[in-house]
Amino acid sequence: MRINILQHTPNEGPGSIRNWAEKYGHKIYVYHPYQFNGILPTADQTDMLIILGGPMSPNDHLIWIAEERNLIQELLNRNIPMFGACFGAQQIAKAMGYAVTKSPAKEVGWAPVYPQTTTIPNLPNKLVALHWHEEIFEIPKEAELLFSSDAVKNQGFILNHRVVGLQFHFEPQDNDVREIVTNDAAYVKGTIFNQTATDILNTPVPKENQETMFQILNYISNNKD
22 MRINILQHTP NEGPGSIRNW AEKYGHKIYV YHPYQFNGIL PTADQTDMLI
72 ILGGPMSPND HLIWIAEERN LIQELLNRNI PMFGACFGAQ QIAKAMGYAV
122 TKSPAKEVGW APVYPQTTTI PNLPNKLVAL HWHEEIFEIP KEAELLFSSD
172 AVKNQGFILN HRVVGLQFHF EPQDNDVREI VTNDAAYVKG TIFNQTATDI
222 LNTPVPKENQ ETMFQILNYI SNNKD
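Position one of the sequence shown corresponds to residue 22 (the numbering used here), numbered consecutively onward.
Hints may contain errors.
[Said to hold, decoys possible] Label-pair distances were calculated between CB atoms; the ranges are:
#1 Tyr-135 with Pro-225: 17 to 23 Å
#2 Lys-174 with Thr-224: 20 to 26 Å
#3 Thr-203 with Asn-239: 28 to 34 Å
Don't read these hints as lab results, they were simulated from the structure.
None of these values were measured; they are calculated from a predicted model.
Every residue gets a Cβ at the ideal spot worked out from N, C-alpha and C, and that includes glycine.
Based on the sequences and whatever the hints tell you, model everything.
Put into structure tokens, the structure is as follows:
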């Protein structure tokens, strides 16, 4: 399977998604449309699309952001598996015609999220995820609410057993968290979690996060582990 990954900033890479792809022998192709003149894969080249986070907003008027949504819409029409994290999930929702707006709370740091459905089986009742956002998506009417947090209801959705969007991050591993915080520590200011950059760095990534990331990718790809 060819997995195309859209990365939107140097310090937010695929993390454990790469581990999953390597475990099952899939080939990954990483695109950086924010840097390389909006270069994107075509729908015909895509067996699965991963849309990662970034500091931009889907509401920004940049040509590559709109073209990325055109690709998402085409893949939705073809029922191709997709996973979006943070900005990526917002892009999926906006491609479907739903709003991306300011969050009622700026969530930056480690905080629990809770599954709201058993559609993906055997998820833990509580997971501690990395949050790095101040915008949120509207849950598409065609989709099912997948996760909520204590402060923000719309934390994740699942659509047609093929598409998952999460407002937070399960994919970062310890090295990824260090890279995020090293380069974007200033963003921690004003979070409702009252965590410092040091607090975030000193929190080990829960092992359940990679396991859950694998469960999600297995589910949308129909992989039988």
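Do the hints match the structure? See the list:
1. Judged by the Cβ atoms, the range 17 to 23 Å given for Tyr-135 and Pro-225 holds: they are separated by roughly 21 Å.
2. Lys-174 and Thr-224 have their C-beta atoms about 24 Å apart, which keeps the hinted 20 to 26 Å range intact.
3. About 31 Å separates the C-beta atoms of Thr-203 and Asn-239, a value consistent with the hinted range of 28 to 34 Å.
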